[in-house]
Amino acid sequence: MCAELIVADADLEGDEEHLDRLALWALRRYAPIVAADGRDGLVLDVTGAAHLHHGEEALLADMVERLAAVGVAARAAASGTWGSAHALARYVALPTAAVSSDQSGRAIAHLPTRALRLPEDTILALSKMGLDQVGEIERQPRAPLALRFGPELTRRLDHAYGRTAEPIEPIEAPEIIQVRRAFAEPISAPETLARYTLQLVEALCRLLDAKSLGARTLDLRFHRVDNQIEVVRIGVAKPLRDIRRLTRLLCDKLETVDPGFGVETMVLTAPFTDLLLPLATSNGLTGVTDPDVSELIDMLANRHGARRLYRLAPAQSDVPERSVRKLEPEAPEIAEAWPLRWPRPARLLSRPEPIEALSLLPDRPPGSFTWRGVRRRVSRADGPERIFGEWWRRDGELDAVRDYFQLEDEAGSRFWVFRRGDGEQPGTGDLRWFMHGVFG
Amino acid sequence: MTIAPSPFERLRTEIARIEGVGRTQRQVLPFGVASLDARLPGGGLALGALHEVAGGGEGVIDGAASALFAAGIAARTRGKVLWCVTRTDLFAPALNQVGLSPDRLIYFEAGDDKAVLAACEEALRHGGFGAVVGEISRLSMTASRRLQLCAEDTGALGIAVRRWRRQAEAADFGQPTAANTRWRVSALPSTPLPDAGVGRPRWFVELLRCKAGECADFELEACDETGRLALPADLADRSSSTAAWEKRAAS
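Chains as they are written, first to last, in our numbering: chain A, 1 to 440; chain B, 1 to 251.
In isolation and in its complexed conformation, chain A is listed as follows:
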């Protein structure tokens, strides 16, 4: 039939082994609770960990991209329940889909019944009755359904709609450093949780110290008496095994933990570690070193998200809104800076606002202009500073020109305005004026 067809047997054991390795990778990188989901998937509980990757959508996109780079075509979905995410990943995600937890039920209503992780004969029987979609089963009276198909159908339905909890049994890797503490009586007071957190961190730091390692991420899992697991994950920019700082970062997040009826086991793991060797500090003869601010940066990043902290560095572009790029706050120092010669406004409007102005062509500044309903007479002006479009970014910028002027009104306020076009060639712009910034 087809001479070049290559036939290979399915290697189920090999698949399983690789899936385990993928799960370990996901545990290190993304979330504290990871388990295999069937034979072809992974399930991650990203609660309390998504902020380290700038939110759920960004986390999914990052995951799919990284898997694609090693040749795994993956699809990923985020939702309020395991069941719903399982269905969305297999039937909706192209290649990612993120649904907020209150929408998780509605999002799967139109999906085929197969998405519910049901046995094959149940699906067949359902289709014989004309029930093909999840939403249709959901609308049926429950008692007859349970009578006819057994408890499995309603159990899966409840899992998908979040009516009953479905705990994930996380994988554990022997090489991951972890300490655990079980309690005779369940604990729930915040002070008690904080006290045992400190004890766990102390024990973990002893283990890390013995191996000369520093933690980059820490997971603190709270196994509750009702079989739920609450998780706190923190990340730091540099490997760390400072007991005080790690405890502080973890305790900062304790208020997000709901102990329910009590916590019976606390597990602290360090899924991502790095070598941390003793470092010689300056002895006072070599000059003053600037104080280390990484502690504060870690704290703010864990509280508000790493994306909110950054340094700004010069980018290779003359167009003002492209001349700035973000860097990690603790990225190595760059020696370069923006040129000092050209005046730049202290505040740059996020997008240029059109103003009404008239000027003599080709290169005279306007004599007056109207911005946000206020007319101002220009007493002094400087310019033009001509900035050309960047044709290598967009075709439309091939001929585009902006002429920037610094204008000062009679009261002394200074503005940065530009005109589209050079005033000679009609192709360079439509000669409209825009306000782009305010000088100090």
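Calculated directly from the structure, the hints in this document are not laboratory data. All C-beta atoms, glycine included, are put in the ideal place defined by N, C-alpha and C. A portion of the hints provided could be inaccurate.
Said to hold, decoys possible - Quick list of in silico lysine to aspartate or glutamate cross-link-like pairs, EDC-like style, CA-CA up to 16 Å: (1) A/K326 <-> B/D103; (2) A/K326 <-> B/D195; (3) A/K238 <-> A/E328.
Said to hold, decoys possible - Which stretches of chain B does chain A cover? Using the computed rule of at least three CB atoms under 8 Å from a CB of chain A, they are: (4) 76-89; (5) 105-119; (6) 153-160.
Since chain A is already given, all that's left is putting chain B on it; use the hints.
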């Protein structure tokens, strides 16, 4: 013969102890402008304290001159600088032009004023930053007191750049806070040049409130590339007859 300290003296030392005067050795950051430094106790801006800066006129909303004034102060400190904002319209090249290099400046983009205050407080308490700048619209007595105490403990320099959404909200600037000094910076027409063009920007800098000092106002040239203000040349080198007239008027 020694004289026993009077009850007033004893009370004064007791009050000074409670208030924490001399708890940390007061250091100052001079502006390098003699007339400005002379008005500040200790001859400069106190380190280990909170300072408030707002713009005047339209600067209430855009906060451009006040941000550069704060950046000029921060540029003359040592170490990293944390700048907490809620609106991201600060243009980094301009801060570089007043001496705050991109390697030293860390931005924190807070969601609201509360997060700005919390971050500033933590940063001041940490004490490792050369300066901590927060752009805040509402600053209550309690919040400013917390910042001031944190700054006193570590000797860090805190600057609150006050900036509002609407002109009417700027009346808030009249409310008392625990800040050590309070400044208002408004733009003035720039230094005249012999030909057409915009010269070095000038500011009208008002010292509205100063702990243990008096109010004053100054006409100054804006920060240069090392963050230093300067007295305008036509004021610094005015003719001797004017100076003599001023002396007569003052006596």
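(Q) Please check whether the region 153-160 of chain B has three or more residues whose CB lies within less than 8 Å of a CB on chain A. (A) Coverage by chain A is violated here, the residue count being 0 at a Cβ distance below 8 Å.
**Q.** Proximity test - 8 Å, beta-carbon atoms, the region 105-119 of chain B to chain A, at least three hits
**A.** Since 9 is at least three, the answer is holds.
Q: Measure nothing beyond the straight line between the CA atoms of A/K238 and A/E328; if it is 16 Å or shorter, mark the hint as holding.
A: holds (12 Å)
Q.
Is the coverage entry for the region 76-89 of chain B by chain A consistent with the three-residue Cβ rule at 8 Å?
A. holds (count 6)
Q.
Check the hint pairing A/K326 with B/D103 against an upper bound of 16 Å on the C-alpha distance.
A. Measuring from Cα to Cα gives roughly 12 Å; hence the hint holds.
Q: Quickly compare the C-alpha distance for A/K326 and B/D195 to 16 Å and report which way the hint goes.
A: violated (39 Å)
Comparing the model with each earlier hint shows violations of hints 2, 6; every other hint is respected.
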